[in-house]
Structure formats: C-alpha cells, structure tokens
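**Q** Given next are the chains, with one letter for each unit.
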Amino acid sequence: MRLTPEQFWTYSEWLFQHNGLRDGMILALALSILGFLVGYLVSVVNHGPVEGFLKVSQVIGQLFSVDLPKFSFRRAGAIAGLAFKESIRKKILVLIGIFIIAMMFAGWYLDQNADYPARLYISFVLTATNYLVIVLGFFVSCFSIPMDIKSRTIYTIVTKPVRPLELFLGRVLGFTAIGTLVLLLMGLLSYVFVVRGLSHTHEVDTIDASGRIGQTNIDNKHSHTFTLNDEGRGTTNEAKGHRHIVRKEGDKIVVGPPIDDLTARVPIYAKKLDFTGRDGVKNEGYNVGYMSEYQKYIEGDSLSMAVWEFDGVDANLFKDVISYDLTISAFRTYKGDIVTPVGGIIYFRSSDEKVETERESFKVKEFQVDRRSIRTKLKGFKDGQPADLDFFKDIAPDGKFQVVIRCQDRGQYLGMAAADLYLRPADLQFWWNFVKGYISIWLQMFIVICFGVMFSTFLSGPVAMIATVAAIVLGFFGFFVDQLQASTTKGGGPIESLIRVPSQLGSQIEMDLGSRTLEEAIRLMDTWILTGVSQLKSAVPNFDQLGTADFVAYGVNLFGGLLGRHLTIAFGYFILTSLVSYFFLKTREMAA
Amino acid sequence: MATALDSAPTGTTSANDPTNIIVETRNLGKIYRDFWGRKKVHALKSLDLEVRRGEIFGLLGPNGSGKSTTIKLMLGLLFPTSGRVFVFGKDATDVSKNERIGYLPEESYLYKFLNADETLDFYGRLFDMSAEERRERTAKLIKMVKLEHARRRQLKEYSKGMTRRIGLAQALINEPEFLVLDEPTTGLDPLGTRDMKDLILRLRDEGKTILLCSHQLADVQDVCDRVAILHQGELKELGRVDSLLKMQDVTQIHASGLSDEAKGKIKKIIEESGGELQRMDNPTTTMEDLFLDIVKESEQRPGRRGGRGEN
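Going line by line, the protein sequences match chains A and B. The first sequence lines up with residues 1 to 592 when you count with my numbering. The second sequence lines up with residues 1 to 311 when you count with my numbering.
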C-alpha cells in the first residue's frame, strides 16, 4: 500500500488550500456551459435560433421558479419506494447468493501461506463487494427509465404532477436503498467471513528448561515463538501479521486469539520530509534510478539524512510511550554481507535542533512495517550536554519536533517518502474501520447509480449501460490515460496500438510504416483522441481514488477528512447528474 | 338505460365562456421524424377543437387517424410540431395541470409487480396526498371498480378487464376535473362495457369533463355529447352526436299494437302525402341490449334457455 500525503489532507485543507472547491466549481461551470450549448444546439434544430434560445432559457428558468420550489419529497419517496419494490420483486437479492458462493470458494483458495492473511481476506471481501455492488448499481439504474418508456408505464407517471427532479431523485434513492440493503448484508457476511477465517489459536509445542521461552505448534500454516515475563505473561513474536497473548494459568501455558491483525492504526504524519545531501546541503533526496518513483534516498556514512518535521502533535494521545511505524527500503550499490540488513540511525530532536534524543541504531526491515517506540521519559542531549528528557516538555513543547534518519553503511542507500514514518497513537476499533470501508463502497455505488439514472434519461437501456460502464472504466483507469498522454507508457495511443498489435511490433521499437507523414498523422490523431478522452476523464469520478479497501486491509484508520472529501465529491456528482437529468427529462418527449 | 341521446348533458355550459373551455387546440400539428430529423409521418394537421366543461367529448377515427397523438399532445407526452394545446388555460407541457387530470391509457400501463392497493397508494402519493386520504380513496375506488376480492393480488395475475378497471381507478385517484380515457372499453366483456359506460355517464353527471378516444362506435354513440372525427390526421367532422346522427329528411315512427290494416292505412297516408315509404318492419334491438337482457334473465331464472331467436 502506498500512502501519499494528499490522502492525509484534512477536509478543510483539501477544500481550500488544495483547491478542491475551486476545481469542483470549475468543473461545474464548464459542464454547465457545455450543457447549455448542447441543449441550445438541439433546441435550434427543433425550433430555430430564437425560439430555441427561449426554450432553453425557459427550462432553466422553470428549474428555479417552479420545479425546485414545488419539489415534493412524498412524490420522490413514492418513486423511490416503487424502484425498491421493483428490485426486490425482481429478485435482486439473488446477488447475495452469488456473493455467498463466491466467498465459499474464496475460503478454499485464499492463500494461508501469505505473509499477511488478514490483508488478503479483507482485500478480497472489500474488492469483491465493491465490484458486485457497482455491477448491481449500473444494472438496476440503467434499465429502469428506458424499461418504463418501453412498457409505457412512464405515461401514468408523467401525466401525474411529477416533476423531473422527483423522477430522478426517486429512482436514485430507490436504487440506493436497495444497494444499501445488499451492502449491509454483504458487509455483515464479509465481517463474519474475515473474523472467522482468521480466527485460530495454538498449543504450546516446546518450552525450554526455564519454562519461559517456547514455541507454539503449527496452526494455519505457521507457528510462533514466545517469551513469558516473571508474572507468567507475554506475547508471541509476529508471524503472518499477528501475535498472540500468552499467559500461564497454573501449570498450563495458554495461547490466546490473534491480535494486531485486525486493527485500525491512526497514523500521525509529518508535515514535510526534507533531505540533506552527502555534503550536508539540503537537496531533494537521491534518485537511485528506476527503483522507486515514490521514495527518495539518503546515502550511507555521510552527512546525508532525512528529516521528518512534525507539527501540532497532541501530547495527550501518548502516555509513557510514543509508538511509531517505519517502512523504509534499502538500495545496495554493492552486495557485501547480503544476510545482514542495511543499518540506519534514528533520533528525535526539537525543531530548533538544540535538544535531541540518544541516537538509536536499527536494521532496515524491508517490505514490512517496523513497529518501534520510544519512551516519553528518556535520555538525550540538551545544548550538547547529556540530560534526562521529557519528550513533550523538552523536545516537543508545542507538539513540534523532528525525526532524523541516517544510513550507517558506506555506499548503501536508504529510501523513504513522507508517509513512510508516522506516529501511532492508540489504535481504533477494526470493525468501525471496516464500516468506513463499506461507506466508501456505498459512495461509489451511489455515484454509479447517479450516472446510470442520468444516462437512462436520454439513452436506451443498453446504450445507457455502455455509457455508464465507459464512465466507470474511465474512472478506474483514468491514470492510464494520463500515462499515455505523458508518454510514460510505451506503445503509443489507440491507433498506433492497433497497428502495433497485429504487426507484432514491440512497444520499445519505433513504429516504422515507411512513411513519416503517415506516422506523424497517426500520432496526431492519437493525441487528439487522448486529449478528448482526458477531457472526458476529468468529468467522471476517479474511482481509483475513491477506493479505500487498502486502508482497511492494511489496518490504517480511514480518517474522517478523506471520507468527508469522498462524500463531497459524491454529492457534487449527484448535483451534476441531477441537473443533466432534469434537462433531458424536461425536454424529451416521453411518448416519442 | 340512460344514454346521452335521451337525456341532455347536465353539465354542458356556455361554449363562449373561456373558463368553461377545458382543452383548446390551436392549429395543432405533429410530424414524427426519424433519428436524422427526416419526416416520417404527418400524424396531425392543423387541429382546432375545444373540449368544454361538463361534456363527454369523443375522439373518433380509424387506426392511425391521429387520436392517440392528439391525446398525447394534450397530456404533454408529446410536443407539438406546430400550434399549441392549452389545458385549463395552461400550456400542455405545464406539469401543474396534471393535478386536475386523470388519465386512463390505452393498455392500462401499470406496474405489474404491485397489487391493487399498492397501485392506488403509489399514484395517490404522486398527487402528494396524505396517508389517510390515500387509504380512504383507495378503499372507495376499489369498491367502485369491484375489485375488493383481488385487491392483494399482483396486477400480473389480473385479467384484461380487471386491469382496465384498476387502470380507471388510478385515473380517478385525485378526483380529477378532467378525465382522459383512451379506449376505455377495450378488453371488457359486455357487462363490463356497460358498467364502464354507466360509470362514464355518472362521472359526467358529477360534473367531470371527459375526453373519450375510441373506435368502438357504439360506445361513442351511447355516451358522448360531442364528437370529433379524425382521418389521416385531419379533422373531418365536429359536433353534437344527436345532430350529427339526425337524418333531417327521414321521419321515424315507433308504435306498438298495430294491426296489418292499420299499417296499410299508414302506408296509404304516406303515399297520399307525396312521401316514400322506405321501410316498415319490426325493429331489432342491438346485440349489446340483447346480450344484457339474456344475462339478466339468466340470473333471474337459472338453467332455462331463452326462446327469442329461430333455429
């Protein structure tokens, strides 16, 4: 899982500092102007330029003068109830059956040997639910209004005092209600599946002569070692992403259920990460080539270092210990002792750099989270002199401090990004994070339903479905369009690819058609197509970013700011699709 | 049997009072076009007509004459290519006019997965009616259309006649002032047809205005006060049913108990007066009246066969 700093912006930061509001307004304005122009052109064809303008203006005027003021929730509720009943009576809940069967199969095939089975289980249920619910969303939403038009039941609706927005909202609410019901059932099943699937315990297999160090038997394809303290309590080592509490009860040693696998960490991230080069001068961090675009590197045994700057950390979140997680990588320029990991040094210091903790050596745990901690009462240096320190009094009196990491080994490099080190106050409940993951899925489903109903107001069922699928695909894989446009993905645009694939021309080889003009023409057309697709992409929701399964699977708290942001985006699309639907429902002939 | 022909329409009022005009079409035209905007059918040409408050107005015409198009234009389901339609003085596309309209479409396009109670409750909610009002209206209408026994059955299990009746009930859920009935007797048996016609007349007597579209000429003749006859999208005839059907130069005498001698005298008088006797015989009843009489008789004396006809 790659966490990026923008995922941790607070709601207000996103809305105001990072232009969430501005971008939304620009998109709304651009689409409004485009909508007006398209509407006007259609109206011109039917009524001529002057009458056409008056008609479009009339539709817009009626929205504010009549249709919004006279909006009735009872009517919208009636249509929602109808959509709900229709879905239930057409046996949409069969989907739940499919889901149960899928989970039963998954139970057999999910790899118990995986390093982190919890991630696998959670990712599986969330991803499966996500796709199933999105499919449900577009199936129910795309066909409803076209079916009503085809069966002419719409005649008995629109000849009643039903306004276009009520028709749209009714459908959206009805389908959302059925989706919510399905999602609730799936969520419940998924939770039980995850918890039961991961639940296991161990028996003590061997124990040494002191009776304090031992090993468990193998269960779920792994075992643990453990050490008990004087009081006969302890925890096992971490294996498969979890530990067990071990305690002595009389003569017997009892291993408890797994802990730490289903959790919701609440990371506190640094405001920024700065790098210093080997000469002690600030730089951007070293780029070690095509290893990682995400992380930057510091050089070993030099003045090079990475400095995370924290601000506003609340001392009340920590008692005696400050826990933090480290996920950094190593880049070796020589093989050396390949068994021993690359070493680093870590220490905390005040923002004025006058007070710092003792330097602690560590070995890099690559590809896993290194769970570390320091005590709040600790030894260090004040103005260069050894001193006993209180972390939140001496180092971070106003919650502001720095964490410094250096690489110890000459010629080796350590790689890190801003999100690779975070403080970890007490974890939140996993079930609540799981619920939040489902809220994210719900939001995606809601957007899909809005788009499906919107397209169905002016397209026939199958065409509306294709349009909705296109919007979803563009939403999920929009980043690919960006990559193509930026030429970071080789092989050219759609036309060039169509030539390359049948002629078996590798993506690394220059396209050679024997005519430079033809090649240029193809590239130009590809650029136009990609620009067009890119414009379309900016109008559809970015489902890739709306997906939060990784947060839940990797045990990171899906914090309110991000969820609020997604909620705002969903609401924005709801307004947008409402307006487009209003326009089409208002101007189309239902009996045509 | 009460018909429009033997009783004057009680609700018909002055045609000149603009408040008494429920529907007015002015130079109304509709051209159906294909996807590319090419003209497919000229369905309606320059239609001018008025439907007045309290009357039963019939739209008559063969298939494809423009009846349904006219109704759809009045209801705002289609937009005119030329001309205007006003309903209650408002443009036909104005949604608020629908609060005073009831519409029974040709095939009772209802949601088959709902039962009768749910159907009426749903349409009641579309009129923003309170739950209590909906319950009251639903009970009353279900009783009126005689569907008490089937109120909890889904409409997909209904016969065509039952579907027609629940369709009418949904059209009446808002106690409309103006009722548009598209082929109201389609699919009904003669008893159902008679009930429907009686109901239409009763609704007219209650002060409702009714627009009836049909190609069942007998229905139109029985209930309509005025008719418009359309053919190939054009208005061919418009007027009161009784005056349209009246044959000005033919005299009809109904008498009973006449001897052959008396009939001979009547013939003679006609000839002496310079008239021409076209026909003198025993009148026949209509098939509908015959059928209704037989059913009525059968209910009174079960198991007996009537002896009206000759084998």
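Hints were generated in silico from the structure; no laboratory data involved. There may be inaccurate statements among the hints.
From the derived model, a few chain B residues whose C-beta atoms are all more than 10 Å from chain A [unchecked claim]:
| # | residue |
| --- | --- |
| 1 | P105 |
| 2 | E183 |
| 3 | K296 |
Dumping the calculated BS3-like pairs for lysine-lysine here, alpha-carbon to alpha-carbon at most 30 Å [stated by the list, open to error]:
| # | chain 1 | residue 1 | chain 2 | residue 2 |
| --- | --- | --- | --- | --- |
| 4 | A | K365 | A | K335 |
| 5 | A | K271 | A | K393 |
| 6 | B | K40 | A | K150 |
| 7 | B | K143 | A | K85 |
| 8 | B | K112 | A | K150 |
| 9 | A | K70 | B | K45 |
| 10 | A | K150 | B | K45 |
C-beta atoms are modelled at their ideal positions from N, C-alpha and C, and glycine is treated no differently.
**Q** If a hint holds in the structure, say so; if it does not, say that too.
**A** Now for the hints, and whether the structure bears them out:
At roughly 5 Å, the least C-beta separation between P105/B and chain A is not larger than 10 Å, which violates its mark as non-interface. In this structure E183/B is separated from chain A by more than 10 Å, as the shortest Cβ-Cβ distance comes to about 13 Å. For K296/B, the requirement that its beta carbon stay farther than 10 Å from each beta carbon of chain A is met, with the minimum near 35 Å. Distance restraint check for K365/A and K335/A: the Cα-Cα separation of roughly 17 Å lies within the 30 Å cut-off, and the hinted pair is therefore satisfied.
Restraint check for K271/A and K393/A: the C-alpha separation of about 20 Å stays at or below 30 Å, so the hint holds. Distance restraint check for K40/B and K150/A: the Cα-Cα separation of roughly 20 Å lies within the 30 Å cut-off, and the hinted pair is therefore satisfied. Between K143/B and K85/A the CA atoms are separated by roughly 25 Å; this keeps the pair inside 30 Å, and the hint holds. Distance check on the hinted pair: K112/B and K150/A sit about 14 Å apart at the alpha-carbon level, within 30 Å; holds.
About 35 Å separates the Cα atoms of K70/A and K45/B, which puts this hinted pair outside 30 Å; it is violated. Of the supplied pair hints, the one linking K150/A and K45/B holds, its CA atoms being roughly 27 Å apart against a limit of 30 Å.
Violation of the numbered hints given earlier is confined to hints 1 and 9; the remaining hints are satisfied by the structure.
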